[in-house]
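Participant: Sequence:
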Amino acid sequence: MRTRGERPDVPAPDRPWDEIVPGLWMGGHEFTGRSGRLEFAVVRQEFDLVQTLLRLPGYGPDPEVEHQVWPIPDGPLDGTQLAGVIRLAEAACEALERGRTVLVRCYHGYNRSGLVVAHALMRRGESAEAAIRLIRSRRSSWALHNDLFVDYLRTGLPTARLLEDLTE
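Per the working numbering, residue 1 is the first one in the sequence shown, and the count goes up by one each step.
Heads up, some of the hints might be wrong.
Stated by the list, open to error - Pairwise CB distance ranges, derived in the manner of DEER restraints:
| # | residue 1 | residue 2 | range |
| --- | --- | --- | --- |
| 1 | Asp151 | Val69 | 20 to 30 angstroms |
| 2 | Glu90 | Arg154 | 16 to 26 angstroms |
| 3 | Gly99 | Asp78 | 29 to 39 angstroms |
| 4 | Gly33 | Ser141 | 18 to 28 angstroms |
| 5 | Gly36 | Pro73 | 21 to 31 angstroms |
| 6 | Thr155 | Arg37 | 36 to 46 angstroms |
| 7 | Thr32 | Pro73 | 20 to 30 angstroms |
| 8 | Leu166 | Gly36 | 40 to 50 angstroms |
| 9 | Arg34 | Pro76 | 28 to 38 angstroms |
Bear in mind the hints are in silico, worked out from the structure with no lab data behind them.
All values derive from a computational prediction rather than experimental measurement.
Don't be surprised by glycine CBs; every beta carbon is placed ideally from N, CA and C.
Using the sequences and the hints given, assemble the complete structure.
Facilitator: Pasting the structure below:
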């Protein structure tokens with residue numbers, strides 16, 4: 001498994017967030033600005049729903065924006081954490097069906113947010129491989145570089161959750 005802490009060569013994205021499919025955005029808390037320096041990706045009112053997998057104070061969204069927070073590591077997840085990821089993906093799909101815009105974010109917007117977005121795409125009929133390819137083409141080739149998260153998606157999150165629950 002490769003994660004940000006183990007791979008200091010993983011570059012920050014060039015943009016704070018990217019639209020993966022209409023209305024469903026994926027992003028992070030930092031990005032490389034035009035100056036080449038890291039900038040903060042602060043959410044205000046750009047989205048109707050913001051789902052945060054790594055909460056850092058001062059990054060928004062504004063109080064009137066619906067904000068769902070489910071902190072998880074960029075590493076092995078237990079059954080409860082996987083259940084939360086599944087619930088976030090379901091909530092994202094429900095919001096999209098109602099015509100709302102959704103941002104799913106983590107630190108760089110690569111792995112944790114990719115897990116939620118990919119599962120949402122799979123709920124909408126995409127295969128795991130198609131969801132992963134789409135995310136990498138729209139966000140970054142670094143998206144879903146955490147091999148464990150890719151394995152979770154290929155196995156299916158509900159199955160991965162059951163397996164994790166059995167080992168606890």
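Participant: Hints first: check each against the structure and report whether it holds.
Facilitator: Now the hints, each set against the structure:
no.: 1; hint: Asp151 <-> Val69: 20 to 30 angstroms; in the structure: holds (25 angstroms)
no.: 2; hint: Glu90 <-> Arg154: 16 to 26 angstroms; in the structure: holds (20 angstroms)
no.: 3; hint: Gly99 <-> Asp78: 29 to 39 angstroms; in the structure: holds (34 angstroms)
no.: 4; hint: Gly33 <-> Ser141: 18 to 28 angstroms; in the structure: holds (20 angstroms)
no.: 5; hint: Gly36 <-> Pro73: 21 to 31 angstroms; in the structure: holds (29 angstroms)
no.: 6; hint: Thr155 <-> Arg37: 36 to 46 angstroms; in the structure: holds (39 angstroms)
no.: 7; hint: Thr32 <-> Pro73: 20 to 30 angstroms; in the structure: holds (24 angstroms)
no.: 8; hint: Leu166 <-> Gly36: 40 to 50 angstroms; in the structure: holds (48 angstroms)
no.: 9; hint: Arg34 <-> Pro76: 28 to 38 angstroms; in the structure: holds (37 angstroms)
Going down the numbered hints, you'll see the structure goes against none, and every one checks out.
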